[in-house]
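Asker: So the chains spell out like this:
Protein chains: 2
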Amino acid sequence: MPNPKTTARILGILLIFEGFFMWLSIPVALIYKEDDVLQFFISGAITSLAGFLAYFLTKRVHLEVTKRDGYVIVTSGWLIFSFFGTLPFILTGSIPNFTDAFFETISGFTTTGASILNNIEDLSHGILFWRSLTQWLGGMGIIVLSLLVLPVLGIGGMQLFAAEVPGPTPDKLHPRVKQTAKRLWGIYLIFTGAEILLLWIGEMGLFDAVCHSFTTMATGGYSTKQASIAHWDSPYIHYVITGFMFLAGTNFTLSYFGFHLKFRKVWKNEEFRYYLGFVLGFSLIIALGLYLTTGEGVEKSFRNSIFQVVSIITTTGYITADYLKWTPALIILIFTLMFFGGSAGSTGGGPKIMRIVVMLKNSTQELKRLIHPNAVIPVRLNKHAVDTEVVTNILAFIAFYAVIAIVSVFVMSLFGLDFETAIGSVVTSLGNIGPGIGDVGPTSNFAEISDGGKWYLSALMLVGRLELFTVLILFSPAFWRK
Amino acid sequence: MPNPKTTARILGILLIFEGFFMWLSIPVALIYKEDDVLQFFISGAITSLAGFLAYFLTKRVHLEVTKRDGYVIVTSGWLIFSFFGTLPFILTGSIPNFTDAFFETISGFTTTGASILNNIEDLSHGILFWRSLTQWLGGMGIIVLSLLVLPVLGIGGMQLFAAEVPGPTPDKLHPRVKQTAKRLWGIYLIFTGAEILLLWIGEMGLFDAVCHSFTTMATGGYSTKQASIAHWDSPYIHYVITGFMFLAGTNFTLSYFGFHLKFRKVWKNEEFRYYLGFVLGFSLIIALGLYLTTGEGVEKSFRNSIFQVVSIITTTGYITADYLKWTPALIILIFTLMFFGGSAGSTGGGPKIMRIVVMLKNSTQELKRLIHPNAVIPVRLNKHAVDTEVVTNILAFIAFYAVIAIVSVFVMSLFGLDFETAIGSVVTSLGNIGPGIGDVGPTSNFAEISDGGKWYLSALMLVGRLELFTVLILFSPAFWRK
Chain A
1 MPNPKTTARI
11 LGILLIFEGF
21 FMWLSIPVAL
31 IYKEDDVLQF
41 FISGAITSLA
51 GFLAYFLTKR
61 VHLEVTKRDG
71 YVIVTSGWLI
81 FSFFGTLPFI
91 LTGSIPNFTD
101 AFFETISGFT
111 TTGASILNNI
121 EDLSHGILFW
131 RSLTQWLGGM
141 GIIVLSLLVL
151 PVLGIGGMQL
161 FAAEVPGPTP
171 DKLHPRVKQT
181 AKRLWGIYLI
191 FTGAEILLLW
201 IGEMGLFDAV
211 CHSFTTMATG
221 GYSTKQASIA
231 HWDSPYIHYV
241 ITGFMFLAGT
251 NFTLSYFGFH
261 LKFRKVWKNE
271 EFRYYLGFVL
281 GFSLIIALGL
291 YLTTGEGVEK
301 SFRNSIFQVV
311 SIITTTGYIT
321 ADYLKWTPAL
331 IILIFTLMFF
341 GGSAGSTGGG
351 PKIMRIVVML
361 KNSTQELKRL
371 IHPNAVIPVR
381 LNKHAVDTEV
391 VTNILAFIAF
401 YAVIAIVSVF
411 VMSLFGLDFE
421 TAIGSVVTSL
431 GNIGPGIGDV
441 GPTSNFAEIS
451 DGGKWYLSAL
461 MLVGRLELFT
471 VLILFSPAFW
481 RK
Chain B
1 MPNPKTTARI
11 LGILLIFEGF
21 FMWLSIPVAL
31 IYKEDDVLQF
41 FISGAITSLA
51 GFLAYFLTKR
61 VHLEVTKRDG
71 YVIVTSGWLI
81 FSFFGTLPFI
91 LTGSIPNFTD
101 AFFETISGFT
111 TTGASILNNI
121 EDLSHGILFW
131 RSLTQWLGGM
141 GIIVLSLLVL
151 PVLGIGGMQL
161 FAAEVPGPTP
171 DKLHPRVKQT
181 AKRLWGIYLI
191 FTGAEILLLW
201 IGEMGLFDAV
211 CHSFTTMATG
221 GYSTKQASIA
231 HWDSPYIHYV
241 ITGFMFLAGT
251 NFTLSYFGFH
261 LKFRKVWKNE
271 EFRYYLGFVL
281 GFSLIIALGL
291 YLTTGEGVEK
301 SFRNSIFQVV
311 SIITTTGYIT
321 ADYLKWTPAL
331 IILIFTLMFF
341 GGSAGSTGGG
351 PKIMRIVVML
361 KNSTQELKRL
371 IHPNAVIPVR
381 LNKHAVDTEV
391 VTNILAFIAF
401 YAVIAIVSVF
411 VMSLFGLDFE
421 TAIGSVVTSL
431 GNIGPGIGDV
441 GPTSNFAEIS
451 DGGKWYLSAL
461 MLVGRLELFT
471 VLILFSPAFW
481 RK
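Line order of the protein sequences matches chains A and B. Residue numbers for the first sequence follow the numbering used here, so the first one is 1 and each next one is one higher. Residue numbers for the second sequence follow the numbering used here, so the first one is 1 and each next one is one higher.
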């Protein structure tokens with residue numbers, strides 16, 4: 001059985017941090033002479049105070065984190081962050097309704113980017129800053145989760161990557177995690193800084209550059225503009241953001257190697273090559289399709305194609321063109337990309353390139369196994385045979401993903417959504433993307449969905465973001481035994 | 001490398017039979033005094049002659065059928081049957097266009113039931129008889145294929161059932177197959193006869209009773225009426241057909257046990273219990289939904305529900321109510337059923353209950369494996385642990401199924417279909433169902449689809465009917481080597 005005190009203590013520490021991060025909106029509000037300084041102060045104070053309380057009440061606990069504690073901490077951590085994260089929205093009156101505020105906040109911390117806001121440009125700078133910051137913090141959490149925590153827990157094939165990271169021993173969450181986490185966060189910071197600089201050099205204002213860099217690196221997709229990136233009619237900005245979305249969807253361990261000029265190691269990574277291949281392949285096909293079916297020129301067709309492709313495959317969700325207005329074949333390609341997701345160890349959501357590749361390889365290997373029934377034909381990744389257990393685990397993940405999606409489409413239709421909107425809302429929430437199809441397409445939002453539907457989609461975002469098993473395991477009676 | 005002479009010889013024998021079966025339409029035409037007797041005679045003569053030719057040209061071949069020959073024979077057999085099967089349609093002028101005739105015929109032999117006909121009731125009795133017969137013959141083929149051939153080839157988990165059937169040795173297709181085939185066909189014949197009798201006792205005429213019994217037992221779904229079973233407003237007929245559709249979707253080995261009063265053996269079969277559970281579960285939920293959302297009474301709601309549920313889950317495709325007019329949540333349930341399919345060893349298409357169950361079990365077992373990382377936790381079916389290789393094989397099958405479906409939706413959209421129709425046409429063709437969603441729903445047909453689209457869907461029917469691998473393996477270069 002997991003130890004609730006351990007959980008409380010760690011969540012306490014995290015909440016103290018969250019409170020401090022809320023206070024970062026205070027200088028923003030001061031600079032822009034906005035009148036919600038007090039609200040940010042109170043929000044941060046309540047959050048930090050709650051954190052201190054949890055921390056001190058569990059002071060005598062010897063901090064030994066078991067695997068089971070890990071599951072509880074991760075899931076409840078994202079939940080608690082989202083609950084307290086609503087405070088700035090509610091206290092400033094930006095989103096007075098709690099359901100809406102929670103939806104917006106968990107959509108932030110899960111780096112989804114689905115929004116209920118119709119009036120983004122009416123919001124204060126402080127609120128926009130906090131909204132972007134939820135995604136950036138969510139992204140930091142995901143990097144540590146996917147590269148350091150999940151491999152230890154053995155979830156959905158993430159152990160394939162554990163070996164490459166200098167890190168934890170399989171039994172407990174080792175203190176050395178901290179050191180590795182700092183290195184990976186270093187990359188995250190550098191990328192964020194570089195994007196801010198490059199966007200600022202372009203025509204984007206500093207504030208917008210900061211906010212968008214936060215939500216790019218998190219593959220979150222919250223924008224400070226109602227029209228998302230389409231607000232800027234600048235090829236430079238579109239390409240810069242495309243580039244950084246691509247980086248955010250890349251395994252951060254690979255970026256770490258890249259910074260140390262170990263490019264061969266990057267190129268030897270099979271998932272990366274497939275990721276690049278999928279991006280280029282889909283971009284070229286869609287660019288051709290756009291060129292043939294719209295009046296746009298070659299460059300605009302290519303730009304609109306690659307931006308949307310990278311935005312969807314990395315699960316960022318920025319928009320420069322309304323893909324629902326494209327010809328059906330191209331919509332289907334974009335919709336298909338919603339089931340890919342970023343690389344493992346990136347901030348991207350969805351099933352992940354690595355799992356899709358293992359699934360496809362296992363299927364084609366099965367044909368070879370039929371032809372040579374007595375030969376042992378394993379799935380190979382990075383030239384190593386993948387354990388059958390890991391393959392089964394990955395296929396179980398994908399099956400869960402599909403089953404959850406199908407059941408959820410039914411549930412959302414009970415909340416009154418039509419067929420396409422039900423599918424769109426589920427796929428985009430579970431995959432942490434942002435825009436979907438139907439009435440939750442790239443130019444619309446989630447405001448019209450009923451309260452029940454919003455809570456259900458919030459749960460889907462959490463389940464998707466935490467790689468399904470982390471949340472589902474909590475519903476297993478065996479988990480709470482002994 | 002497979003031996004083309006072996007294939008030619010066996011196909012020759014089969015074609016001779018097909019020719020004789022075409023002649024069965026002659027007495028039908030004579031009884032109804034229709035003027036297409038000569039056309040049926042010529043069709044049968046051409047087909048049998050082609051068969052004799054192939055048979056005698058390969059007279060000196062020693063008939064040793066290897067596994068590789070098996071793949072070639074099965075796939076080319078279904079193709080050749082469909083090519084020659086177009087003759088009655090074309091020569092009588094019922095379907096003058098070859099593409100349309102081929103679509104209608106392969107839809108028959110694959111027991112799909114998707115039709116391009118707008119004027120079913122204008123056709124002669126002889127043609128309607130042949131059309132129904134293609135499905136009945138297809139069903140006979142499928143019983144032997146799924147229970148005797150595929151387990152030997154090791155395709156997609158079908159080996160789980162091989163043990164239960166007194167039958168072939170793993171290496172070659174053993175002569176004892178014949179004896180088992182005859183027993184299973186005996187059941188098929190008895191069920192068909194019983195249904196004819198029961199429908200005839202009801203208000204259905206003998207001719208319609210025969211045709212519908214043919215297409216029920218094959219889970220084919222071709223009707224002699226444009227409105228399908230909705231033509232008869234008789235609860236008795238609806239329930240009788242529901243019952244026989246259910247039997248047609250049951251493993252025929254279990255029916256064999258049932259005939260020998262070994263009911264415990266039937267009940268001990270896990271796939272059967274899940275099949276029954278899914279049918280009842282979905283029927284009750286949809287019946288409740290229909291009762292609440294339509295003005296219909298309890299009995300009518302239940303009947304419309306269970307008829308459509310059994311028709312879709314068994315991939316028969318008969319219709320007594322237009323499910324696309326139901327409320328979205330209920331449409332989604334029906335759509336979900338399109339991914340189930342009948343039991344393994346039945347005439348039903350789709351992924352099959354057994355595979356869905358193994359997939360779901362593997363996913364839930366994975367949660368247990370995460371909680372107890374050092375325990376060996378296999379997937380169990382019928383209280384026996386399923387080999388990991390078989391589980392991987394089944395998951396590979398489902399992955400292939402999904403990938404083929406997704407790629408095909410894109411392809412069909414290139415033929416000008418909208419999103420929903422593209423999905424509907426693909427799912428119903430690959431699953432050998434008949435009606436889909438969108439413009440190929442239960443009250444419409446496939447006439448409006450372009451020629452290219454019809455050929456593509458024809459290929460999908462074949463691939464789906466032959467459990468994917470049987471066809472896909474032919475595209476593997478390794479298959480043709482040595």
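Errors might be hidden in some of the hints.
No distinction is drawn between identical chains; accordingly, a pair holds when it is met within one copy or between any pair of copies.
As a list, the in silico DSSO-like pairs of lysine-lysine whose alpha-carbon atoms are at most 27 Å apart [stated by the list, open to error]:
| # | residue 1 | residue 2 |
| --- | --- | --- |
| 1 | K361 | K59 |
| 2 | K368 | K268 |
| 3 | K383 | K361 |
| 4 | K67 | K361 |
| 5 | K368 | K67 |
| 6 | K5 | K368 |
| 7 | K67 | K5 |
| 8 | K59 | K268 |
| 9 | K325 | K59 |
| 10 | K268 | K325 |
| 11 | K67 | K182 |
| 12 | K67 | K265 |
| 13 | K361 | K265 |
| 14 | K225 | K33 |
| 15 | K59 | K300 |
Because the hints were derived from the structure by calculation, they are not lab data.
Asker: Hint by hint, where does the structure go against what was stated? Just the numbers, ascending.
Answerer: 1, 8, 9, 10, 12 and 15
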